[in-house]
Amino acid sequence: MSELTLLKHIDNPDAPQIEIYEKSGGYQGLRRVLKDFTPDEVIDYVKKCNLRGRGGAGFPTGMKWSFVPKGDGKPHYLCCNADEGEPGTFKDRLLMERDPHQMIEGMVITAYATGCNTAYVYIRGEYGLSIRRVRDAVNAARARGYLGDNILGSGYSLEIHLHIGAGAYICGEETALLESIEGRRGMPKLKPPFPAVAGIYECPTVINNVETFACLPHIFRLGSDWFTSIGPADAPGPKLFALSGHLKQRGVFELPMSISLGALIEDYGHGALTGKLKAAIPGGVSAPMIPASGFDVGMDFSSLAAADSMLGSAGVIALDETSSIPVVARRITEFFSHESCGKCTPCREGLTWAAKILRRIEAGDGLPGDPDQLEMLCGGIFGNSFCALGDGAAWALAATLKHFRPEYDALITRKTATG
Amino acid sequence: MSPRTNTAPVTATVPDTGTDTGTDSSKDSATAAALTTTVVKSDLAGPVREIVARYPKARSAIMPALYLAQEKYGHVDGTVYKAISELLDVPEIWVFEVASFYTMFAREPRGTFHIQLCDNLSCMLLGADHMRACLEHRLGIQAGQTSKDGMFTLSLVECIGSCDVAPAMMINQDQYSNLDEAKLTDILDQLTLGSAASLSDQGGTGGTGGTGGTGNEGEMP
Numbered sequence: 001m002s003e004l005t006l007l008k009h010i011d012n013p014d015a016p017q018i019e020i021y022e023k024s025g026g027y028q029g030l031r032r033v034l035k036d037f038t039p040d041e042v043i044d045y046v047k048k049c050n051l052r053g054r055g056g057a058g059f060p061t062g063m064k065w066s067f068v069p070k071g072d073g074k075p076h077y078l079c080c081n082a083d084e085g086e087p088g089t090f091k092d093r094l095l096m097e098r099d100p101h102q103m104i105e106g107m108v109i110t111a112y113a114t115g116c117n118t119a120y121v122y123i124r125g126e127y128g129l130s131i132r133r134v135r136d137a138v139n140a141a142r143a144r145g146y147l148g149d150n151i152l153g154s155g156y157s158l159e160i161h162l163h164i165g166a167g168a169y170i171c172g173e174e175t176a177l178l179e180s181i182e183g184r185r186g187m188p189k190l191k192p193p194f195p196a197v198a199g200i201y202e203c204p205t206v207i208n209n210v211e212t213f214a215c216l217p218h219i220f221r222l223g224s225d226w227f228t229s230i231g232p233a234d235a236p237g238p239k240l241f242a243l244s245g246h247l248k249q250r251g252v253f254e255l256p257m258s259i260s261l262g263a264l265i266e267d268y269g270h271g272a273l274t275g276k277l278k279a280a281i282p283g284g285v286s287a288p289m290i291p292a293s294g295f296d297v298g299m300d301f302s303s304l305a306a307a308d309s310m311l312g313s314a315g316v317i318a319l320d321e322t323s324s325i326p327v328v329a330r331r332i333t334e335f336f337s338h339e340s341c342g343k344c345t346p347c348r349e350g351l352t353w354a355a356k357i358l359r360r361i362e363a364g365d366g367l368p369g370d371p372d373q374l375e376m377l378c379g380g381i382f383g384n385s386f387c388a389l390g391d392g393a394a395w396a397l398a399a400t401l402k403h404f405r406p407e408y409d410a411l412i413t414r415k416t417a418t419g
Numbered sequence: 001m002s003p004r005t006n007t008a009p010v011t012a013t014v015p016d017t018g019t020d021t022g023t024d025s026s027k028d029s030a031t032a033a034a035l036t037t038t039v040v041k042s043d044l045a046g047p048v049r050e051i052v053a054r055y056p057k058a059r060s061a062i063m064p065a066l067y068l069a070q071e072k073y074g075h076v077d078g079t080v081y082k083a084i085s086e087l088l089d090v091p092e093i094w095v096f097e098v099a100s101f102y103t104m105f106a107r108e109p110r111g112t113f114h115i116q117l118c119d120n121l122s123c124m125l126l127g128a129d130h131m132r133a134c135l136e137h138r139l140g141i142q143a144g145q146t147s148k149d150g151m152f153t154l155s156l157v158e159c160i161g162s163c164d165v166a167p168a169m170m171i172n173q174d175q176y177s178n179l180d181e182a183k184l185t186d187i188l189d190q191l192t193l194g195s196a197a198s199l200s201d202q203g204g205t206g207g208t209g210g211t212g213g214t215g216n217e218g219e220m221p
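Protein sequences appear in the order of chains A and B. The first sequence: position 48 = 48 (my numbering), numbered continuously. The second sequence: position 98 = 98 (my numbering), numbered continuously.
For reference, chain A alone in the conformation it holds in the complex (with noise of 0.2 angstroms):
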């Protein structure tokens, strides 16, 4: 396997130490950019690095930060988005732990970039921990000269805050983020305009996720042919798996994108817990799953496109034989029907409809037509929103019917032939 990079010093308990990670190299990078590169000179050597969003929609993210209007006159905003709700997500939380400054100088990068002298990392409630480990790495890089004013001598000055979130898994979709900084309930908008363009109080806002920010620092250090040797051309650098479900061994890994979700599976999840796999889902439950004849499928963005699914979040979650999909598929709709913010039609009411379908079929009291009615109800909801949520919530569950229509028919045939 490739040399670690992210993950290099997450088992040092004295990683969070600002020392430390000046001593590993910690904000070099940054002192490289404020002295040799302007802001567009940043912008383009990230271009040319092909960093992708780790957030899910792997989105290039020297492009995103290149939409944000210059001498526009008005305040730019950064956001780092670490709101992870994503269920088998726990990549972002690992990094914010164990080693934040990564985070908090790729911020920096990002904000000097891009304009921004106001950052806000918007962290959800329940990750206490994060929180304490954020709040201190800022305040060390503020003592430090990382942030404030004049940071470095270079006349360029940010300051960060922390907004914390409270227990709404959409605030994770970026423009519900940015109303939820303002003080509203988290409601996505309509895109255009996007936040580069009408953010934060109607100003140009860049939002990255952690992981993004993360890589920054080790691509101005470690420079652009380092982070293009690595993985597919397509999909260049360091990337955070988390494996969770039914695998002897569970947790985040640093890999390439080169790697297959079997070879994923087996040679750092180590295989089933109890006898075989049946699928898995690839990158967080709103990912369509893959059943265990396609395994095959290389982890990266296009790949996974390939198969009918995506990369997401790269939060795998494997299913043995034991799981019955159809409980699944129960389990991850009841999870978005929850989730959804109520705004769009189709994924508020279409979703409550699925998962009484699926609570039904999974009583015993499932008709011959609620397949069908399940897989009219998916066509109906996607697309038809505003954000990604409804969209993931139909794809999910219609692979489950697309892979595994026979165990609803069991479960629906029993009854009929029993009662």
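Since the hints were derived computationally from the structure, they do not count as laboratory data. All figures in this text were calculated on a predicted structure; none of them were measured in a lab. C-beta: ideal position from N, C-alpha, C; glycine also. All clues stand as given, with none of them false.
For each label pair, taking beta carbons as the anchor points, the in silico distance ranges come out as:
| id | chain 1 | residue 1 | chain 2 | residue 2 | range |
| --- | --- | --- | --- | --- | --- |
| 1 | B | Glu136 | A | Lys23 | 48 to 54 angstroms |
| 2 | A | Ser324 | B | Gly140 | 27 to 33 angstroms |
| 3 | B | Asp89 | A | Ser154 | 36 to 42 angstroms |
Pulled a few chain B residues facing chain A out of the computed Cβ check, cut under 10 angstroms:
| id | residue |
| --- | --- |
| 4 | Ser60 |
| 5 | Tyr67 |
| 6 | Val98 |
| 7 | Phe101 |
| 8 | Cys123 |
| 9 | Ile160 |
| 10 | Gly161 |
| 11 | Gln173 |
To be clear about the criterion: a stretch of chain A counts as covered by chain B if any three or more of its residues have a C-beta under 8 angstroms from a C-beta of chain B, and this derived list gives those stretches:
| id | stretch |
| --- | --- |
| 12 | 184-197 |
| 13 | 243-249 |
| 14 | 318-330 |
Fit chain B to the supplied structure of chain A, relying on the hints for placement.
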């Protein structure tokens, strides 16, 4: 504010929201039978002013102000909404719509120990439903209820990011993971006696080369 059903401090049910001033010094006002808007405003004015300064507009301070109030009084209600709306000079409905949207704001009193069991997929696959049955049996309450003595509130919650050490739960701000029946019994025994800090996590499962557990360090507030 309606009378509280318990007088035990419930400060641990809110995350550390980052205000270092004035929130822990005068809990006595929280135990008063009836809080008034004036009292709440006077309690929160200082820290709220500090929070407002972080944002372009005062409305952004609604969430942090609600957390402050919850930390101080255990839950939030109409008296709190009115006080915050006056402090921030925003309509009261803006405060209520935030308090009623986000599940971590308690709009009625919770028990001293708020047990939040994750039953999302990764925890479900490794036995969360059985953990739920054990908790309900032991506490004599159903999920969503508070025990008669005001000690325990049991909630089912969505993913808490402890999937690698499932099944997992939070009690107030502490994480407990790799749960089984015996561990659950120990935790509840110790909570009943005083503290279960020694049983909360000091680290995840952790793997080899390039892995880490999620680092669920237990820190009793």
